[in-house]
Amino acid sequence: MATRIPMSFTINGDRYEMELPPQRTLLELLRDELGLTGTKESCGAGICGACTVLVDGQPVSSCIKMAFQVKGREITTIEGLAPGGQLDPLQEAFVRHGAIQCGYCTPGMIIIAKGLLLQNPYPSEEEIYEAVGSNICRCTGYVKIVEAVRAVARGER
Amino acid sequence: MRPFEYAEPVSVGEVCEILGRHGEDARVIAGGNSLVYFLKRRIVSPRVLVTLQSLPAALGTADPMPGGGLRLGALMTHGAVATHPLVRERCPQLATTAANIGSVRVRNSGTIGGSLCYAHPAIDTAPVLITLGAEVVIAARGGTRTLPVEQFFSDAFKSVLAPDELLTEIRLPGHGRPLRGSYIKFVGQKAKSSMAIVGIAVAIRGGDGAPVEEVHIVLGGVSPTPLRARRAEDLLRGKRATPELLRQVGAAAAAGTAPWDDPWASAGYKRDMVEVLSRQALEGLTGLGPGYQG
Ligand SMILES: Cc1cc2nc3c(=O)[nH]c(=O)nc-3n(C[C@H](O)[C@H](O)[C@H](O)COP(=O)(O)OP(=O)(O)OC[C@H]3O[C@@H](n4cnc5c(N)ncnc54)[C@H](O)[C@@H]3O)c2cc1C
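Sequence order for the protein chains is Y and D.
Residue numbers for the first sequence follow the numbering used here, beginning at 247 and rising by one.
Residue numbers for the second sequence follow the numbering used here, beginning at 8 and rising by one.
Check each hint, because a few of them may be wrong.
Some chain D residues near chain Y, calculated using beta-carbon distances under 7 Å [stated by the list, open to error]:
hint	residue
1	10
2	13
3	40
4	43
5	110
6	111
7	112
8	116
Please keep in mind that the hints were generated in silico from the structure rather than gathered at the bench.
Quick caveat: nothing in here was measured; it's all calculated off a predicted structure.
C-beta atoms are modelled at their ideal positions from N, C-alpha and C, and glycine is treated no differently.
Modelling step: build the complete structure from the supplied sequences, incorporating the hints.
Here it is as structure tokens:
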């Protein structure tokens, strides 16, 4: 039985070649192997969106993805949005609009919003609600999150 | 998660060979949306996990078939089904259904084949596919077989697939004159990205001012497997729709269901929603009403 299998990934622009047990989830790879703890786990079932990352620019739930399923792909986590500490416009907007309370859902929220804007730079109000509404925030009531995403979509700085 | 052996075959033949060799001990993984959770919870613990990610690209695409039909590779994601121009043109109700499955995260990973094999009683894809007369193509070491989607499910979370079989393709027949249809995913107070409380797929031929020549009504979430409302179909077939007749059809659809109480809805509520929503869906298709308004 092959206990470890070779895998390569591009994560936040860096290339990784590693040997991993096949039963690693993508979330475990990010948090436990690479120390990228910005990505959170909450429900563990692909519902809440706290673990959202981009795979080739598309949002997926890393808690229900096996690491081997994303071999050879490009993965972006919340850490990847601020290379060298320079915040992404979405991160700045979340701060400016106070779209954060406890903060646990925030990385997933920003990543799902990033995925939306990559696909659709000028989303309608409904499209913004649909995207961020599918991730669970139990503090803010979403209004400020939507305001932050809308501001970035409109190019407000 | 229990350790497993990993296999990454590159052809359908190779998948079938591995499945044939390991039988019940092997599982395939498509999107992983449902399976990874089951692995983590040890609800299933295969000795061999067979990933479908390196199969030929055709398993993830839609292609036209002669006579106006369509073949969909089992590995097409819900997102791909929702946006594919051929699906949108030939089976708009399937594209719309796929666009409303789960969240964008679910649609980016979950596959149409995986959703059928998962066989959740309220899966959205199955009722629509059944109303359209879709078939599945199933491969095994000995060859392939074709089966109507209607005969694919054996119980809640169970299909008729043998352990050594792989679902490779879904075929949508061409229709001389297309069936007009719709799907209502009713989630009640649940989030829009949740599984349906009840799902109602209807498709008809005729019925626009003329008698209804052909009618298909298939319900999700109200029995262990997708339920064809045969008595309701019989009431309407060959007749001109009237408000009173559609009320009877809705009542007949509800009468044939066997729902259960769950934390979101009682059995009685689900039955009532089937009655109202199947009537509204048919009113929409026959011009007697606006249809379901959300
Ligand atoms: C949070 C969440 C919300 C969801 N909401 C909805 C919803 O609103 N509506 C809806 O309809 N669905 C919903 N789903 C289900 C989802 O759409 C997927 O279709 C489903 O999870 C299975 O697809 P998959 O490709 O991920 O399969 P996997 O999880 O990889 O596999 C599921 C099962 O099918 C088997 N399998 C997969 N493909 C094949 C094949 N080709 N041949 C043989 N066996 C196969 C696997 O061995 C496994 O047993 C939701 C899922 C999640 C996690």
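Hints, verified against the model:
Contact between residue 10 (chain D) and chain Y, as hinted, is supported at the beta carbon level, the nearest pair being about 6 Å apart and thus within 7 Å. About 4 Å separates the beta-carbon of residue 13 (chain D) from the nearest beta-carbon of chain Y, less than 7 Å, and the hint is met. Using the Cβ-Cβ criterion of 7 Å, the hint placing residue 40 (chain D) at the interface with chain Y is satisfied: the shortest such distance is roughly 6 Å. The closest approach between the C-beta of residue 43 (chain D) and any C-beta of chain Y is roughly 4 Å, which is under the 7 Å cut-off, so the hint is satisfied.
For residue 110 (chain D), the interface hint holds, since its Cβ comes within 7 Å of a Cβ in chain Y; the closest pair sits about 3 Å apart. Hint status for residue 111 (chain D) relative to chain Y: holds, with the closest Cβ pair at about 6 Å, below 7 Å. Proximity of residue 112 (chain D) to chain Y holds as hinted, the smallest CB-CB distance being about 5 Å (cut-off 7 Å). For residue 116 (chain D), the interface hint holds, the least distance from its beta-carbon to any beta-carbon of chain Y being 5 Å, beneath 7 Å.
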